[in-house]
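Take the given structure of chain S and dock chain L to it, following the hints.
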Amino acid sequence: MTEPVSTYQQAFINNDRRRRRLVAFCQILILVLFVSLWEGTTRLGILNDFIFSSPSRIVKTFVTMAGDGTVFYHIGITLFETFLSFFIVLVAGILLSVLLWWNRSISSVLEPYLITLNSLPKTALAPIFIVWLGNNMKTIIVCAISLAIFGTVINLTTSFTQMDPDKLLLIKTLGGSRKDMLSKVIIPGSVPNIISNMKVNIGLCLVGVIIGEFLSANAGLGYLIVYGSQVFKLDWVLMSIVILCIIATALYALLNLIEKVYLKRHTQ
Amino acid sequence: MKPLLDVHDVSYSYHTLSGETKALNRLSFQVQFNEFLGIVGPSGCGKSTILSLIFGLLSPESGEIKIHEALCKDHTMPIGYMLQKDHLLEWRTIYENALLGLEINHQMTPARLKAVDQMFRDYGLEHFKNAKPSQLSGGMRQRAALIRTLALNPGLLLLDEPFSALDYQTRLNVSEDIYTILKKKHKSAILVTHDISEAISFCDRIVVLTNRPATIKEIVPIHLSIEEKTPLKARSAKEFQDYFNRLWGDLND
Chain S
1 MTEPVSTYQQ
11 AFINNDRRRR
21 RLVAFCQILI
31 LVLFVSLWEG
41 TTRLGILNDF
51 IFSSPSRIVK
61 TFVTMAGDGT
71 VFYHIGITLF
81 ETFLSFFIVL
91 VAGILLSVLL
101 WWNRSISSVL
111 EPYLITLNSL
121 PKTALAPIFI
131 VWLGNNMKTI
141 IVCAISLAIF
151 GTVINLTTSF
161 TQMDPDKLLL
171 IKTLGGSRKD
181 MLSKVIIPGS
191 VPNIISNMKV
201 NIGLCLVGVI
211 IGEFLSANAG
221 LGYLIVYGSQ
231 VFKLDWVLMS
241 IVILCIIATA
251 LYALLNLIEK
261 VYLKRHTQ
Chain L
1 MKPLLDVHDV
11 SYSYHTLSGE
21 TKALNRLSFQ
31 VQFNEFLGIV
41 GPSGCGKSTI
51 LSLIFGLLSP
61 ESGEIKIHEA
71 LCKDHTMPIG
81 YMLQKDHLLE
91 WRTIYENALL
101 GLEINHQMTP
111 ARLKAVDQMF
121 RDYGLEHFKN
131 AKPSQLSGGM
141 RQRAALIRTL
151 ALNPGLLLLD
161 EPFSALDYQT
171 RLNVSEDIYT
181 ILKKKHKSAI
191 LVTHDISEAI
201 SFCDRIVVLT
211 NRPATIKEIV
221 PIHLSIEEKT
231 PLKARSAKEF
241 QDYFNRLWGD
251 LND
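Chain order of the listed sequences is S and L.
The first sequence runs 1 to 268 under full-length UniProt numbering.
The second sequence runs 1 to 253 under full-length UniProt numbering.
For reference, chain S alone in the conformation it holds in the complex:
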């Protein structure tokens, strides 16, 4: 790019840069306004900081809990549960979808059940899981899995069965079996779909874990929120929510990064 840039091109570039700066400025402005409004109103006593907490109280709470490591313990538990359920959903989702792709009869038989289970508000199942599985981490994991698995299976099965039939015919013309179709076309051709499904699932699993922790836990951010609200430690509650905002964003960004790296490597 050593060619001299024309004035019109330069103007276009400048214009674009200006627009992006404006967007970034507004985004930061909203955050600063929100935080200062929150801090200001509680300082001035317009809002009760015992109920509404405040940014400075949240930071103070975080520093105290970081000092004895408890906050990292709770974050660690929640993250561990989220990742565990996420990987189980990923593996089980792919395996079940392969099974449903492989056998059309099973797929047809199970279809209405999958649709019903997918539409069911899974939170309704959570109390049963406690009774069946006990007041422990198993319940939380199952709760998170139940939230994401049905959608995953429906989604991936659709993606598998909608694969270009001519590509499958190609495998046949090269003497391949259904197993070859799976390993050479269906799975590698569905990777973009699997990744975009993972992007949805990481969020769903976090939701499921927090619901699970609300009901049956003695550690984790969900536990901290429920416990904090019961003993009127609203600082704990709001700090946990702020941390959850950061975690949710970071997890999504991580999956976005994986997707970008994959697309960069596989399309030119």
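Be careful, since some hints might not be right.
[As the list claims (entries may be wrong)] Chain L side only, calculated, beta carbon under 7 Å to chain S, not exhaustive:
# : residue
1 : Y81
2 : H87
3 : W91
4 : T93
5 : G101
[Stated by the list, open to error] No more than 16 Å apart at the CA atoms, straight line, and that leaves these computed lysine to aspartate or glutamate pairs for EDC-like:
#  : chain 1 : residue 1 : chain 2 : residue 2
6  : L       : K185      : L       : D122
7  : L       : K185      : L       : E35
8  : L       : K114      : L       : E126
9  : L       : K85       : L       : D167
10 : S       : K264      : L       : D122
11 : S       : K179      : L       : E103
12 : S       : K60       : S       : E39
13 : L       : K184      : L       : E35
14 : S       : K167      : L       : E20
15 : L       : K85       : S       : D166
16 : L       : K229      : L       : D177
17 : L       : K129      : L       : E96
18 : S       : K172      : L       : E103
19 : L       : K85       : L       : E161
20 : L       : K183      : L       : D204
21 : L       : K184      : L       : D242
22 : L       : K217      : L       : D9
23 : L       : K85       : S       : D164
[What the hints assert, rightly or not] Here are the in silico distance ranges between beta carbons for each label pair:
#  : chain 1 : residue 1 : chain 2 : residue 2 : range
24 : L       : G19       : S       : T249      : 53 to 61 Å
25 : S       : I187      : L       : K129      : 49 to 57 Å
26 : L       : H75       : S       : T249      : 53 to 61 Å
27 : S       : V109      : L       : L113      : 22 to 30 Å
Hints in this document: simulated from the structure, not taken from any laboratory.
We put the beta carbon where it would ideally sit given N, CA and C, even for glycine.
Then chain L, alone, in the frame of chain S:
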């Protein structure tokens, strides 16, 4: 001498819930060793169905398809099938695409890989081995697809309108390339097409089919007064137009 392929009195019907559609009605023809046979007919008359039957993707309702035992003995895959589009898998490089058939048949032997490398050199794709399909022109993609088929060293090639997805100029070039390659390797071929000129320029004999249910209207041997026929040379032979008119008449009866 026994023919390479003997299609004898073959019929086939498609079944759907709304009824039965007779596609092929009592077809009989043969393919000799080193012969290029063309099959032309109106679109939708069941031309591709014939290839599916020969390859074994479908079984004839009645009649018989016999393949010469020499073909089964000397080749890993006796029959190679080239589809209308190249269907190169976009997540694989050109080289990986060319090896797909060998992978599937567990034939990744040094000898086979050497033969594939040689074809990449011969067909001008050597510098594109690590390219993705999207980086290649239509003609190059079709040649890559040909290497993928030839890697398994089939004796008989089924070509299902393999040039129809290409623009006119590329189409003439690719058909010239593929013709030369297959003749040099002493392959036999069946070319299915709706393009009469393409059939005359490419084939030694042409089977003309009627509308569905397809029957054989006539089988036309092509004799052109040129030396060393290639598809491009054939188009300038003086008999070309006569054959064209004859086949055109057959199809428009």
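Quick one: which hint numbers does this structure break? Sort them smallest to largest.
Hints 4, 10, 14, 21, 25 and 27 are the ones this structure does not satisfy, whereas the remaining hints hold.
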